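Protein sequence lines, in the order shown, are assigned to chains A and B. Under UniProt numbering, residues 1 to 332 are what the first sequence spells out, in order. Under UniProt numbering, residues 1 to 236 are what the second sequence spells out, in order.
Derived by calculation from the structure, the hints in this document are not laboratory data. Warning: the hint list may mix true and false statements.
[Stated by the list, open to error] Which residues of chain A face chain B? A partial, calculated answer using Cβ under 10 Å: (1) THR83; (2) GLU119; (3) ALA166; (4) THR193; (5) GLU237.
Source: prediction; values computed, not measured. Ideal Cβ placement from N, Cα and C applies to all residues, glycine included.
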Amino acid sequence: MKKLINDAETVVDEMLDGMVAAYPDTVRRLPDTQVLVRDGAPVDDKVAVVSGGGSGHEPTHAGYLGEGMLDGAAAGEVFTSPTADELEAMVDACDSGAGVLLVIKNYEGDVMNFETAGEMVEMEGTEVAEVVVDDDVAVEDSLYTSGRRGVCGTILVHKAAGAKAAEGADLDEVQRVAQKVVDNVGTMGMALTSCVTPEKGEPTFDLGEDEIELGIGIHGEPGVERTEAMSADEITEELTEAVLDDLELDAGQEVVTIVNGMGGTPQMELFVVNRRLQELLGERNIETWDAWVGDYMTSLDMAGCSITICAVDEELKSLLDAPAETPALTVR
Amino acid sequence: MSAPNDAGAAAVAAAENVADRIEAEREHLTDLDSAIGDADHGGNMARGWQAAAEAVAGLDNPTVEAVVKTAGKTLLSEVGGASGPLYGGSLVFASAELSDGLTAESAVAFAETYLEKVQDRGDAKVGDKTMVDALVPAVHTFKKSVETDDLPPVDALAKAVAAAENGVAFTVPIRAAKGRASYLGWRSVGHQDPGATSTLYIIEELLATAADHLNQEIPSVDADSPTIPEGEASGE
């Protein structure tokens, strides 16, 4: 499989240098780490919001560094959690003394390394709080993970928590709004093709020409159902219904939706999916307050998409609408 | 057991012995992990312990606490994944129990804190087919041997090794409930858990180092039965 890389060993390092070169006014790299922080971190008197995880999900995580979103983003190796000492360095670099919120996706390695780092910085007197995002409705009661995975809904957590922190709220308040998003968001994804990791160089799983996989994660881990190819509308119906069944929304509820590309799917197709998603919500009298379409949390070159739905109230609406200035997301 | 600085030198030797042993068992651990995991346990652990042995050899003041803490921090940064926090993070936190040096009592406190951290972090019980299946019987046997049976350290450690061996054997027939092996469900049955196995190797090297340090033969012992306190096993 052809890849635009030099060496699988150095791909993360080279990517990070390239990001810094692209956004020199927005992000900087902590020396001797794979951690990027927003320029100006730590921001005086502001609660820091930090995240991180394996590489290969770009623009997650460092793409959301900046005004109104993340203060720090730690990049692990491809599909591998950052180590606890890197996370510790990130927290130290971002803490202004007002405390640090750790936004963690529910994957075993991520949770353990973040919690270890959190305990270590607490021993040094830094105040930390955490939220664990587990929005993937596909894998509940499945053999594939302990609990639900954290996927694209994490971006809304970054946005809401980042906005709350920018308002000057304290750590408890920032954690509260982050948890509010976690409690109200659901996601389900699907794959048309497997991803190809730089190290392995071949598809992680075999998917036939006329097969698709539903309920996929973001690391090429198996989905919950392999089925024959369907039309965009049918796929959208499958994903939307799975998420709505989980959220149990009342008619009249306002939501934010994300149609997220997995890295190998053109915008054309994402908009086709969004069209049907909005029709389905309309049929159920669920009101879309905002619809996001694009590549927000990818899985290397996997073709496919995920659908995220988040129920919003006045507070979340104002936080998601607040200004943000980051490489991957700008709200004015 | 011995004076603090003396114990520090023994701790450095222990790290080297563990690193050598894990390197020797690297392929075996990777084979065990490819059956039910993602085939990186041998390589990750070997790389981590090699770095840990080098780091502690370079310490200016190798107190036993400093050696254990440094080894733990190095494992955290080199091993990664879930094993980094489990093996390394737990060492970092438990090292505080050794701040007044190494005695039989502080060794028990260290072992108990280490176990507590591993269980806390991994959220695993006996019977989940993880390192906890070797660690729980080893730690409880060590504690009982020191506190109740009043055995000298080497004999207590030998009992702990025998208990850990039983624990490793116990992981073969059971179904994994935690970790990557749990993805396999019933297909994990019949395979020995790599984490329990590497944990046994580490405890065996602690025994060998202690025996060497105290100029004693390694006694041959049988594990007491049962070695798992009531209420520790997970229900079916």
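For each hint, the structure was consulted:
no. : hint   : in the structure
1   : THR83  : 5 Å, holds
2   : GLU119 : 7 Å, holds
3   : ALA166 : 31 Å, violated
4   : THR193 : 22 Å, violated
5   : GLU237 : 28 Å, violated
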